[in-house]
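Residue numbers (this note's numbering), protein chains in the order written: chain X, 1 to 265; chain S, 266 to 534.
Keep in mind the hints are simulated off the structure, nothing from the lab.
Among the clues, some could well be false.
[Unchecked claim] Lysine to any residue pairs mimicking SDA-like chemistry, simulated, CA-CA at most 25 Å apart:
| hint | chain 1 | residue 1 | chain 2 | residue 2 |
| --- | --- | --- | --- | --- |
| 1 | X | K64 | X | E251 |
| 2 | X | K31 | S | V473 |
| 3 | S | K309 | X | E226 |
| 4 | S | K288 | X | E251 |
| 5 | X | K66 | X | I52 |
[Unchecked claim] Listed next, the stretches of chain S that the computed footprint assigns to chain X, with coverage defined by at least 3 CB atoms under 8 Å from CB atoms of chain X:
| hint | stretch |
| --- | --- |
| 6 | 327-335 |
| 7 | 355-366 |
| 8 | 382-389 |
| 9 | 409-419 |
| 10 | 456-465 |
| 11 | 512-520 |
[To be verified] Selected chain X positions facing chain S (in silico; Cβ < 8 Å):
| hint | residue |
| --- | --- |
| 12 | M99 |
| 13 | Q100 |
| 14 | T120 |
| 15 | S202 |
| 16 | S238 |
Every residue gets a Cβ at the ideal spot worked out from N, C-alpha and C, and that includes glycine.
The chain contents come next:
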Amino acid sequence: MYPFYPLLRAPNCEGFTVVHNYAPNNWEVRKNYEKYINITWSDGSYWHSKIIGTLGKNKSFKIKEKDLNFLPKNTLALSSLSINKLPSESDILPDDIDMQTNLPEWRASIGLESKLGGSTSFQGEGYAFPTNGSLLSFAPFLQHGKDLSSHLIFISIEKSPLFRNTSLFFLNTYGNKIKIEKPIISNHLNIIKLDELDYDPSDLIILVTKNIVGIPLFVTAYKKGEELSLEHTHPPASFAIHGDRWGLHRELKKIWAEKFNNIES
Amino acid sequence: MIKTIYKKLKRGLWTYKQPLSAKPKSLHNPVSDLFVWRQSDKWKTYFDLYDIGSFYSQIAKTKEVNAKIVFYNQSGKKINEHTVKLKINQNSCIEISSFLKGEKDSYGTFAVFHSNIPDNFIEHKSYLTERGFVSYKYNNNNQLRHYVHGNSDAISISNNITYLLGVSSILKRDYKLQFNLTNTENYEFIVINYTNKQQKVIFKFLDVATDKEISAKEYFINPNGCCLCNFDINYIGNFRLTISSKLVMARPFVFRFGITKNFFDVFHG
Numbered sequence: 001m002y003p004f005y006p007l008l009r010a011p012n013c014e015g016f017t018v019v020h021n022y023a024p025n026n027w028e029v030r031k032n033y034e035k036y037i038n039i040t041w042s043d044g045s046y047w048h049s050k051i052i053g054t055l056g057k058n059k060s061f062k063i064k065e066k067d068l069n070f071l072p073k074n075t076l077a078l079s080s081l082s083i084n085k086l087p088s089e090s091d092i093l094p095d096d097i098d099m100q101t102n103l104p105e106w107r108a109s110i111g112l113e114s115k116l117g118g119s120t121s122f123q124g125e126g127y128a129f130p131t132n133g134s135l136l137s138f139a140p141f142l143q144h145g146k147d148l149s150s151h152l153i154f155i156s157i158e159k160s161p162l163f164r165n166t167s168l169f170f171l172n173t174y175g176n177k178i179k180i181e182k183p184i185i186s187n188h189l190n191i192i193k194l195d196e197l198d199y200d201p202s203d204l205i206i207l208v209t210k211n212i213v214g215i216p217l218f219v220t221a222y223k224k225g226e227e228l229s230l231e232h233t234h235p236p237a238s239f240a241i242h243g244d245r246w247g248l249h250r251e252l253k254k255i256w257a258e259k260f261n262n263i264e265s
Numbered sequence: 266m267i268k269t270i271y272k273k274l275k276r277g278l279w280t281y282k283q284p285l286s287a288k289p290k291s292l293h294n295p296v297s298d299l300f301v302w303r304q305s306d307k308w309k310t311y312f313d314l315y316d317i318g319s320f321y322s323q324i325a326k327t328k329e330v331n332a333k334i335v336f337y338n339q340s341g342k343k344i345n346e347h348t349v350k351l352k353i354n355q356n357s358c359i360e361i362s363s364f365l366k367g368e369k370d371s372y373g374t375f376a377v378f379h380s381n382i383p384d385n386f387i388e389h390k391s392y393l394t395e396r397g398f399v400s401y402k403y404n405n406n407n408q409l410r411h412y413v414h415g416n417s418d419a420i421s422i423s424n425n426i427t428y429l430l431g432v433s434s435i436l437k438r439d440y441k442l443q444f445n446l447t448n449t450e451n452y453e454f455i456v457i458n459y460t461n462k463q464q465k466v467i468f469k470f471l472d473v474a475t476d477k478e479i480s481a482k483e484y485f486i487n488p489n490g491c492c493l494c495n496f497d498i499n500y501i502g503n504f505r506l507t508i509s510s511k512l513v514m515a516r517p518f519v520f521r522f523g524i525t526k527n528f529f530d531v532f533h534g
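Between the sequences and the hints, there should be enough to build the whole structure, so can you do that?
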């Protein structure tokens, strides 16, 4: 699998992604190469890729969205490192020679910075999700306070460059009521303000989609960015280890699909 | 054909009987990460606790469910335990550091074991695991908690006795943190030992431009314990970190403090 590293965006913040051209361990990838640094984005019909530089072995490079003035406004920008040149235009998300590792995965530092001084990042990567998948996610991250503001950043990457309009449902903590339905678009960086959703401090946020998969990231800012906190939810499959954890995961999804269908009907 | 066998044998040296985490003794034994607590005048640690088992049922359990939190100091010695009753469908953000008042260490590890293990876990021969979320307040200067999730299925419990699930690697491994370290920030790196053996861990800081070693620090970590390494050298330039040890994955928790800008952040490798 060929990983992409998205560039984030959030109110009062600028996104950055630092890509690293060295493997995270000394045993899974024996040989490394100088690589192209690419930015890939969709216009809704095609994927476009542009080389913004090359990166020597053992080097890192910080990409800021503000430096990518060739990007259309509000685009989801995906950075990547490749040995070969990616096609400048394609009707499927491009990829290159797989140099991915597993323990851990080859990651970039993906983060947000504010002009007021806050800076936050996590080690992450993204892959194309299946277009027929659904999402179930449990998030405890909502923080309450008069100087705090929280947003959900929902990133969906699909192989097809199309922009699909669909919905993200916020359920109440019992899973028996939809608090709000928010429009989201595939191959976009969807930003949703959470403060107005009327969750109590002891509520879990439960996210459900019917036909889109994505990475839910939660960012909370103190005083519009003096301090920032950023974290992603665990995929529910990670509540279990060993055995038939994927079978268990399917069962969990089925339980919640039934709950969800009962609400809708 | 011979090339494929050679490749498999070579990889086997790194993977044979070296899982990230071994299977617990019983399907009824819950699993937890070893999370990091910090407590002092400057630090407060929190944990978001909710009944994971209840997600796997259409009907909420009527009987009481709880989670046992077991605390270790940095040397891996058990120092406290506390049982928290879980409220149905509710998240409790617990101040972990409040259970550690009077503790002389300012950091250590803790594990969270759930009592509610639904039948479908047993049917699928899977183990319920708590992977976090921990959050920290630093310097108490604002309301914001900074979140980080766990990074290893480290420990289980049977009849109130905990046991570790990590194994030692046959060969020494390098964990190369894919993060650009700079002299505009200070860093603290915490590595936990989730194996039954004391582990020697070497933190090597390398200059990005020259690839030369700037500094190396060596620690010995007891089972259940952790070590804290800070980079306290006044070094101009960018550098990176490699952690060498016999841990299968020595992913550090990274605490990051701005120097030119006044911020704090936490993430894991």
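Hints, verified against the model:
1. X:K64 <-> X:E251: Between X:K64 and X:E251 the Cα gap is close to 41 Å, so the pair fails against 25 Å, i.e. violated.
2. X:K31 <-> S:V473: holds (18 Å)
3. S:K309 <-> X:E226: holds (19 Å)
4. S:K288 <-> X:E251: holds (22 Å)
5. X:K66 <-> X:I52: holds (13 Å)
6. 327-335: Coverage by chain X is violated here, the residue count being 0 at a Cβ distance below 8 Å.
7. 355-366: Holds: 4 residues of the stretch 355-366 of chain S have a Cβ under 8 Å from chain X.
8. 382-389: With 3 residues in contact (Cβ-Cβ under 8 Å with chain X), the coverage given for the stretch 382-389 of chain S holds.
9. 409-419: holds (count 7)
10. 456-465: violated (count 0)
11. 512-520: Coverage by chain X holds for the stretch 512-520 of chain S (3 residues, Cβ < 8 Å).
12. M99: With Cβ-Cβ at 13 Å, over 8 Å, it is violated.
13. Q100: violated (13 Å)
14. T120: holds (5 Å)
15. S202: holds (5 Å)
16. S238: holds (6 Å)
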